[in-house]
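A.B. asks: Here are the chains, one letter per residue:
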Amino acid sequence: MKNINKAFDHRIRLGIMSALVVNEFIDFNTLKEILAVTDGNLASHIKALEKMNYVTIHKQFIGRKPNTKYSASSTGTLAFKKHIEALEKLIKNT
Amino acid sequence: MFQSTLKMAEKNYLKEISEIKSIMNKSSRFISLSGLSGILAGIYALVGASIAIFVLRNYKNSYSGVSLLPISYLEYLLLSIALIILVLAVLTAFILSSKKAKKSGEKLWDTASKRLLINFAIPLFTGGVFCVVLYQNNLIGLIAPSTLIFYGLACLNASKYTLGDIRYLGIVNILLGLIATQYIGFGLYFWALGFGVFHIIYGTVLYNKYDKK
Numbered sequence: 001m002k003n004i005n006k007a008f009d010h011r012i013r014l015g016i017m018s019a020l021v022v023n024e025f026i027d028f029n030t031l032k033e034i035l036a037v038t039d040g041n042l043a044s045h046i047k048a049l050e051k052m053n054y055v056t057i058h059k060q061f062i063g064r065k066p067n068t069k070y071s072a073s074s075t076g077t078l079a080f081k082k083h084i085e086a087l088e089k090l091i092k093n094t
Numbered sequence: 001m002f003q004s005t006l007k008m009a010e011k012n013y014l015k016e017i018s019e020i021k022s023i024m025n026k027s028s029r030f031i032s033l034s035g036l037s038g039i040l041a042g043i044y045a046l047v048g049a050s051i052a053i054f055v056l057r058n059y060k061n062s063y064s065g066v067s068l069l070p071i072s073y074l075e076y077l078l079l080s081i082a083l084i085i086l087v088l089a090v091l092t093a094f095i096l097s098s099k100k101a102k103k104s105g106e107k108l109w110d111t112a113s114k115r116l117l118i119n120f121a122i123p124l125f126t127g128g129v130f131c132v133v134l135y136q137n138n139l140i141g142l143i144a145p146s147t148l149i150f151y152g153l154a155c156l157n158a159s160k161y162t163l164g165d166i167r168y169l170g171i172v173n174i175l176l177g178l179i180a181t182q183y184i185g186f187g188l189y190f191w192a193l194g195f196g197v198f199h200i201i202y203g204t205v206l207y208n209k210y211d212k213k
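Just so you know, the protein sequences line up as chains A and B, in that order.
Residue numbering for the first sequence follows this note's numbering, beginning at 1 and increasing consecutively.
Residue numbering for the second sequence follows this note's numbering, beginning at 1 and increasing consecutively.
You can trust all of the hints, since none of them are fake.
Okay, the calculated beta carbon distance ranges per label pair:
id : chain 1 : residue 1 : chain 2 : residue 2 : range
1  : B       : A121      : A       : S74       : 28 to 38 angstroms
2  : A       : N53       : B       : G141      : 51 to 61 angstroms
3  : B       : S22       : A       : S74       : 21 to 31 angstroms
4  : B       : R57       : A       : N67       : 52 to 62 angstroms
5  : A       : K89       : B       : K212      : 28 to 38 angstroms
6  : A       : I91       : B       : I184      : 52 to 62 angstroms
7  : B       : S22       : A       : S73       : 17 to 27 angstroms
8  : B       : K212      : A       : G40       : 32 to 42 angstroms
9  : A       : H58       : B       : N12       : 29 to 39 angstroms
10 : A       : H58       : B       : G185      : 50 to 60 angstroms
11 : A       : K51       : B       : E19       : 16 to 26 angstroms
The calculated DSSO-like cross-link candidates involving lysine-lysine, where the alpha carbons are at most 27 angstroms apart (straight line), are:
id : chain 1 : residue 1 : chain 2 : residue 2
12 : A       : K6        : A       : K51
13 : A       : K32       : B       : K160
14 : A       : K69       : B       : K160
15 : A       : K69       : B       : K107
16 : B       : K21       : A       : K47
17 : B       : K107      : A       : K59
18 : A       : K81       : B       : K15
19 : B       : K114      : A       : K69
20 : B       : K15       : A       : K89
21 : B       : K102      : B       : K15
22 : A       : K92       : B       : K21
23 : A       : K32       : B       : K15
24 : B       : K114      : A       : K59
25 : A       : K32       : B       : K100
26 : B       : K15       : B       : K107
27 : B       : K107      : A       : K32
28 : A       : K69       : B       : K21
29 : A       : K69       : A       : K81
30 : A       : K82       : A       : K92
31 : B       : K107      : A       : K65
32 : B       : K102      : B       : K21
33 : A       : K51       : A       : K82
34 : B       : K21       : A       : K81
35 : A       : K82       : B       : K21
36 : A       : K65       : A       : K51
37 : A       : K89       : B       : K21
38 : B       : K107      : B       : K212
39 : A       : K32       : B       : K21
In case anyone wonders, no lab produced these hints; they're calculated from the structure.
The beta-carbon is built from N, C-alpha and C at its ideal position, and this holds for glycine as well.
Based on the sequences and whatever the hints tell you, model everything.
C.D. replies: Okay, structure coming up:
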């Protein structure tokens, strides 16, 4: 039980990490489409993950348009893996 | 009472895991490849190969007498058959996959499909150029095996970005292409086996696994 991570308690945060761990980068709009959430909702959950150093933000410009890409940090990837392992253990034990 | 809450929790964890898996797949793979289009592509290839064999046989018959067709004409004819088959197959794949994508709410043109297309195209384009080089050097017999090998490599490379089954189609086509290098002159038959029969098998597997409901 101790490995169940509170940061991943929320569906959207779990979704963000699921998408990021299997991709090098994902930009904001693609992430929004994958998870089918609103701008504000996604932004606040990404911020929460960023605060924990689970997500790294890369800001750049495509032409003149700002474009923000996200990737999972190594801390985040490790935490996510532990979370999944804990989930699987719980399912097996019950 | 306690046990029922435990069951509920287990159900939630299971749901959570399946949701994680679905997001991982959706975000990294294009999953709307149509099985039916694989079957149809295989049938086109078989039809094309039989027409080519028919044309070649007629050419050889007339060759003993007085050939009515100059050799360059024959080459153009075979090349246009191949190109028509290719265009038909790509068009079918495009139409059926876009239908399937629409049905499942996936976009046809998104990051996943773009990545799939680019990674499929790189080995294929390399193979195309290489075949032109073979033609330049008059190594015509190696063209059919090379198309099979490079097509196999393209499938293998694409398998990381779509339903994984295409990986096996890639591997068997690479093997078939390598075998075909030892039987120069039978290129068309290997070609029909690789692009025709293997496609039909692959398409059927895909169709039974994902499309049938």
